[in-house]
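A.B. asks: So the chains spell out like this:
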Amino acid sequence: ETGVTQSPTHLIKTRGQQVTLRCSSQSGHNTVSWYQQALGQGPQFIFQYYREEENGRGNFPPRFSGLQFPNYSSELNVNALELDDSALYLCASSFPGANVLTFGAGSRLTVL
Amino acid sequence: GENVEQHPSTLSVQEGDSAVIKCTYSDSASNYFPWYKQELGKRPQLIIDIRSNVGEKKDQRIAVTLNKTAKHFSLHITETQPEDSAVYFCAAKANAGGTSYGKLTFGQGTILTVHP
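Those sequence lines, one after another, are chains A and B.
Counting from 1 along the first sequence, just add 132 to a position and that's the residue number in the working numbering.
Counting from 1 along the second sequence, just add 39 to a position and that's the residue number in the working numbering.
Don't read these hints as lab results, they were simulated from the structure.
Don't take each hint at face value.
To be verified - Pairwise CB distance ranges (calculated):
{"#": "1", "chain 1": "B", "residue 1": "Val59", "chain 2": "A", "residue 2": "Glu185", "range": "14 to 22 Å"}
{"#": "2", "chain 1": "B", "residue 1": "Pro155", "chain 2": "A", "residue 2": "Glu184", "range": "44 to 52 Å"}
{"#": "3", "chain 1": "A", "residue 1": "Gly135", "chain 2": "B", "residue 2": "Thr49", "range": "48 to 56 Å"}
{"#": "4", "chain 1": "A", "residue 1": "Thr152", "chain 2": "B", "residue 2": "Gly40", "range": "25 to 33 Å"}
{"#": "5", "chain 1": "B", "residue 1": "Glu95", "chain 2": "A", "residue 2": "Gly135", "range": "27 to 35 Å"}
{"#": "6", "chain 1": "A", "residue 1": "Asp216", "chain 2": "B", "residue 2": "Asn42", "range": "34 to 42 Å"}
{"#": "7", "chain 1": "A", "residue 1": "Pro193", "chain 2": "B", "residue 2": "Gln99", "range": "29 to 37 Å"}
As the list claims (entries may be wrong) - Pulled from the structure, derived: some chain A residues nowhere near chain B, Cβ distances all over 10 Å:
{"#": "8", "residue": "Gly148"}
{"#": "9", "residue": "Gly172"}
{"#": "10", "residue": "Pro175"}
{"#": "11", "residue": "Glu184"}
{"#": "12", "residue": "Asn211"}
{"#": "13", "residue": "Asp217"}
Where is the CB? At the ideal position from N, CA and C, for every residue including glycine.
Take these sequences, add in the hints, and give me the full structure.
C.D. replies: Okay, structure coming up:
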């Protein structure tokens with residue numbers, strides 16, 4: 133059984149650029165959620181995907197968007213990057229309706 | 040929306056002592072309360088969780104208690120070891136309407152240091 137994998141692990145961007153982060157869910161999990169973890173803070177919910185549709189969203193602007201593919205993998209896209217977008221982005225997968233989330237190791241984004 | 044407060048922000052104990060971390064939540068609809076351990080540079084890992092129909096749960100040296108009336112829950116670690124040193128996060132979730140499965144609201148975290 134494979135866990136949640138994310139790529140890239142680290143990346144550096146400049147303000148105004150766009151970034152795409154990728155996530156492969158754990159085997160058998162078809163629900164994927166994304167979290168932003170700023171340094172020294174707890175993770176904050178961005179959104180969740182189930183059956184290739186967004187079905188829950190936190191307090192993040194529309195420039196944060198995502199996709200889920202038929203194989204349940206997912207992408208997080210952030211447009212018009214701002215300095216405050218610098219954070220660890222965590223992907224988590226779960227069975228539908230299940231409470232337990234399995235997190236990936238995250239993608240650390242630095243915006244200069 | 041849900042708000043989770045976690046205290047203390049840092050906790051330092053001697054090996055063998057007990058450690059207690061406390062969290063309060065605001066949404067009375069919350070019914071699932073997990074605790075995650077995050078070591079430096081690593082993914083959050085679930086260490087124990089509790090549902091709202093249970094008041095206490097224990098797993099070896101780790102226990103969680105829940106007081107629904109007061110809307111607070113606590114993590115208890117007994118016989119602490121240096122490898123328990125990490126950041127611990129509490130979280131809360133309300134399974135309302137089927138759209139919030141993945142939406143955990145996290146506390147701010149507690150940096151636990153266990154000195155040998």
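A.B. asks: Hints first: check each against the structure and report whether it holds.
C.D. replies: Here is what the structure says about each hint:
Checked against the hint of 14 to 22 Å, the pair Val59 (chain B) and Glu185 (chain A) fails, with Cβ atoms roughly 41 Å apart. Distance hint check: the CB atoms of Pro155 (chain B) and Glu184 (chain A) are about 50 Å apart, consistent with the given range 44 to 52 Å. Evaluation of the 48 to 56 Å hint for Gly135 (chain A) and Thr49 (chain B) yields a failure: the beta carbon distance comes to about 30 Å. Checked against the hint of 25 to 33 Å, the C-beta distance between Thr152 (chain A) and Gly40 (chain B) comes to roughly 28 Å, which is consistent with it.
Separated by about 30 Å at the C-beta atoms, Glu95 (chain B) and Gly135 (chain A) satisfy the suggested range of 27 to 35 Å. Distance hint check for Asp216 (chain A) and Asn42 (chain B): the Cβ-Cβ separation is about 21 Å, which falls outside the suggested range of 34 to 42 Å. Between Pro193 (chain A) and Gln99 (chain B) the Cβ separation comes to about 43 Å, which falls outside the hinted range of 29 to 37 Å. Look at Gly148 (chain A): its CB is around 28 Å from the nearest CB on chain B, clear of 10 Å, so calling it non-interface holds up.
At the 10 Å boundary, the C-beta of Gly172 (chain A) falls inside the reach of chain B, the nearest C-beta of that chain being 7 Å off. Once the 10 Å rule is applied to beta carbons, Pro175 (chain A) is inconsistent with being away from chain B; the minimum gap is 5 Å. Against the 10 Å criterion, Glu184 (chain A) stays outside the reach of chain B, whose nearest CB is about 15 Å from its own CB. Here Asn211 (chain A) stays apart from chain B, with its beta-carbon at least about 22 Å from theirs, past the 10 Å limit.
Residue-level check passed: Asp217 (chain A) sits 19 Å from the nearest beta carbon of chain B, beyond 10 Å.
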